[in-house]
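So the sequence lines, in the order shown, correspond to chains A and B. Counting in the working numbering, the first sequence runs without a single skipped number right up to 437 at its last residue. Counting in the working numbering, the second sequence runs without a single skipped number right up to 437 at its last residue.
Treat the hints with caution; some may be incorrect.
Because identical chains share one entry, a pair is satisfied inside a single copy or across any pair of copies.
Stated by the list, open to error - Computed list of lysine to aspartate or glutamate pairs in DMTMM-like fashion (alpha-carbon distance at most 20 Å, straight line):
| no. | residue 1 | residue 2 |
| --- | --- | --- |
| 1 | Lys-33 | Asp-8 |
| 2 | Lys-33 | Asp-135 |
| 3 | Lys-330 | Asp-278 |
| 4 | Lys-33 | Glu-300 |
Hint data in this document are derived by calculation from the structure and do not stem from the laboratory.
There are 2 protein chains.
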Amino acid sequence: MPHDRPPRLLVIGGGFAGLWATRALANAKLRITLVDRRNHHLFQPLLYQVATAGLSAPDIAAPLRHILGKQHNVEVRLGEVEAIDKHRHQVLLRDGTTLDYDLLLVASGATHAYFGNDQWAPHAPGLKSLDDALALRRRLLLAFEKAEAEPDPTKKAAWLSFAIVGGGPTGVELAGTLAEIARHTLRNEFRHIDPASAKVRLVEAGPRVLSSFPEVLSLKARRQLERLGVEVHAGTPVTAIDAGGFHLGERFVPARTVVWAAGVAASPLARTLDTPLDRAGRVQVQPDLTVPGHPEIFVAGDLAALAQADGRPVPGVAPAAKQMGKYVAAMIHTRLQQRAAPPPFRYRDQGNLATIGRMAAIVHMGRLQLSGLLAWWFWLAAHVFFLIGFRNRLVVLLNWAVAYWSYQRGARIIFGDADGGEDPDDGSSPLRK
Amino acid sequence: MPHDRPPRLLVIGGGFAGLWATRALANAKLRITLVDRRNHHLFQPLLYQVATAGLSAPDIAAPLRHILGKQHNVEVRLGEVEAIDKHRHQVLLRDGTTLDYDLLLVASGATHAYFGNDQWAPHAPGLKSLDDALALRRRLLLAFEKAEAEPDPTKKAAWLSFAIVGGGPTGVELAGTLAEIARHTLRNEFRHIDPASAKVRLVEAGPRVLSSFPEVLSLKARRQLERLGVEVHAGTPVTAIDAGGFHLGERFVPARTVVWAAGVAASPLARTLDTPLDRAGRVQVQPDLTVPGHPEIFVAGDLAALAQADGRPVPGVAPAAKQMGKYVAAMIHTRLQQRAAPPPFRYRDQGNLATIGRMAAIVHMGRLQLSGLLAWWFWLAAHVFFLIGFRNRLVVLLNWAVAYWSYQRGARIIFGDADGGEDPDDGSSPLRK
């Protein structure tokens with residue numbers, strides 16, 4: 005590599021970590037390539053709104069090329085990275101091309117995981133990408149259609165039985181919104197079912213929902229969920245899932261629609277780095293976010309496993325990913341300028357918000373604890389503020405305004421033939437005894 | 005059927021004809037079932053905007069259940085009709101159920117047709133549904149990505165070569181908008197290609213584009229297209245299409261992206277009616293829109309073939325479909341009230357609008373002929389006014405306002421893995437000599 009050309013930084017992943025690092029290096033003497041298998045940055049905190057038909061997919065996504073169009077030291081490359089060869093300083097794309105790097109940032113994030121129960125995947129889809137969200141929207145809306153067309157009362161009830169597995173923020177948001185849809189949005193629209201009779205169950209194996217919050221807020225969240233019509237089951241593990249329902253401990257619960265919000269695992273790309281991983285497959289990084297023995301390789305975002313000063317892991321949330329991305333950029337800046345390295349990465353907890361449904365949320369920031377309507381306004385303002393793109397903010401606000409006046413959800417569109425023939429299975433359940 | 009229950013009207017298709025008929029019968033003593041294989045009414049005149057990433061799919065669609073939720077004599081049934089049995093007064097759905105009727109309105113519309121060249125379909129997709137629009141959006145955006153990643157200059161040029169086959173309103177809109185995207189929207193976003201160098205060809209077999217307009221407006225439309233950067237080929241038929249390009253008369257033109265906007269044919273359901281069809285497969289209806297010998301079966305919208313007083317066919321446009329739908333409703337009203345039937349259906353031409361691209365359109369209404377900016381404002385107002393749903397109108401207006409200030413298009417999101425590995429073929433063209 006000739007010495008007069010700037011070093012090549014390859015960034016894998018255009019999520020919060022990769023994108024924030026790239027933008028913070030706008031003035032650095034680097035040749036940056038950002039590679040992602042999707043053409044857009046996704047505002048994942050609102051993904052559940054796309055799944056529940058409150059927002060359109062493009063409302064919460066922005067093309068990476070557009071975000072970075074004016075940053076002249078970056079090129080965006082669409083492609084899926086299959087492997088990293090840290091000895092040759094190369095990555096291999098699925099289409100066969102290789103990309104060389106001098107510096108590498110791996111920020112390919114996480115995906116949902118079934119922890120050894122991959123056979124549950126077809127019956128309990130997860131929610132990580134826009135495609136997941138559209139598939140889930142289709143499933144949720146079709147369930148009501150199937151119930152409407154089904155003459156058999158038992159089968160009808162199974163179509164009107166929904167379960168969300170996992171009581172973290174995504175599970176809580178999905179359960180709350182789904183209960184609202186059943187009770188309000190779909191009211192008056194069916195002739196052979198009462199959508200409000202739908203059962204929405206939220207199942208959490210641990211003792212309480214939203215366990216990253218203080219116990220009192222967790223309890224308030226549970227009460228808000230119940231007020232919205234959600235049946236909360238905490239402390240009960242799901243032990244089996246199939247097309248017809250699931251086992252809650254020993255009991256079989258019929259349910260044609262089960263959503264998986266229980267666990268994430270690191271992107272499989274981490275394994276090709278050949279370095280110690282934690283149980284969830286995340287890379288155990290040094291305090292400066294590099295890979296042990298490879299100061300030229302950084303890992304940031306959901307893919308990085310790192311303990312905070314108090315021993316607790318840095319959480320897999322958007323603010324942590326952004327902070328890591330900016331930290332990596334600062335590290336690279338100091339190296340380019342041959343200055344002393346900054347102190348080890350430290351996660352600054354800016355607070356914790358979770359929304360539950362219509363006008364219900366909880367907020368925890370230092371000593372501030374809010375719940376209910378005020379927390380919801382707080383949540384709304386924070387999320388709209390952090391959305392990328394002026395147009396997106398306007399459209400999202402407008403959608404929400406209309407939704408909260410009218411209870412209507414603007415994106416209730418089922419793509420693909422919405423016909424009964426496509427149903428992947430008949431709902432017969434070997435679990436049912 | 006007991007005499008004290010209202011007669012059953014079955015409406016097949018929730019497009020303009022079916023939906024307008026259903027709504028006009030809100031106060032009729034009928035049990036109406038509206039069956040459609042999609043859950044939404046689609047505002048087709050703006051479908052090209054979804055394909056070209058200007059609008060999200062839900063912006064131009066509204067759930068049929070919601071539109072008709074408060075009309076208590078209607079139920080909406082999601083399902084695909086496979087056959088009509090006019091002797092048993094039944095229709096058969098794909099999922100095996102049958103629905104009985106006393107009165108039937110068949111308004112299942114049209115689909116794109118390749119007139120005996122079905123082998124062109126995979127290489128030149130058409131645009132009739134939201135799924136078509138999303139698939140086309142994906143293809144158009146991926147073509148620029150492929151060009152960016154392709155090192156070979158000849159292959160790169162083929163990815164930057166686009167052709168629209170068919171110079172009717174859809175073809176003209178797509179060509180104009182695509183030229184705008186290449187020249188403006190994508191400017192500065194790529195590093196290895198100049199999107200503005202993309203070739204956009206509009207190919208029309210007939211002597212001129214927009215042939216339903218007076219010749220002088222047609223010519224103005226052509227000039228506006230050329231000003232936007234479109235190469236217009238009129239009077240030249242496309243004689244072959246494959247993955248690598250197409251034959252324009254004798255000449256082979258390399259092009260990895262060809263869009264079919266050339267022809268429509270009636271929904272295949274018409275064939276199961278066992279009644280005379282025209283060449284495009286449409287039902288030759290009586291002047292009162294009934295099927296000969298079956299006064300209980302009406303056909304309306306794109307599926308109906310009917311001559312106007314001057315001998316020209318009623319055009320396959322949204323206003324004609326709405327007028328037919330309302331006429332059928334009026335016919336049914338008079339029958340229920342045992343009044344005299346209204347005079348035969350007469351199409352009232354309210355004028356003809358076509359948009360071409362950024363601030364360019366043509367308008368023909370009686371003696372009024374407009375082109376350019378004024379015509380474009382006219383087109384915009386008319387289309388936003390006729391969109392169903394308050395929210396949709398606001399969102400669409402907002403999207404357009406932002407688009408026309410910034411040249412940005414809010415829905416530039418590629419769904420699915422956007423990776424190169426998925427390419428269905430390698431672009432090798434047996435047509436190329």
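Outcome of the hint check:
Taking the shortest alpha-carbon separations for Lys-33 and Asp-8, only the intra-copy value of 11 Å comes in at or below 20 Å, while the best inter-copy value is 84 Å. Within a single copy, Lys-33 and Asp-135 get their C-alpha atoms no closer than 36 Å, and across copies no closer than 44 Å, so neither meets the 20 Å cut-off. Proximity of Lys-330 to Asp-278 under the C-alpha cut-off of 20 Å is found in neither arrangement, the shortest distances being 25 Å within a copy and 69 Å between copies. In the homo-oligomer, the alpha carbons of Lys-33 and Glu-300 lie at most 20 Å apart inside one protomer (16 Å), although the nearest pairing across protomers, at 76 Å, exceeds that limit.
Hints 2 and 3, counting from the list given before, are not met by this structure.
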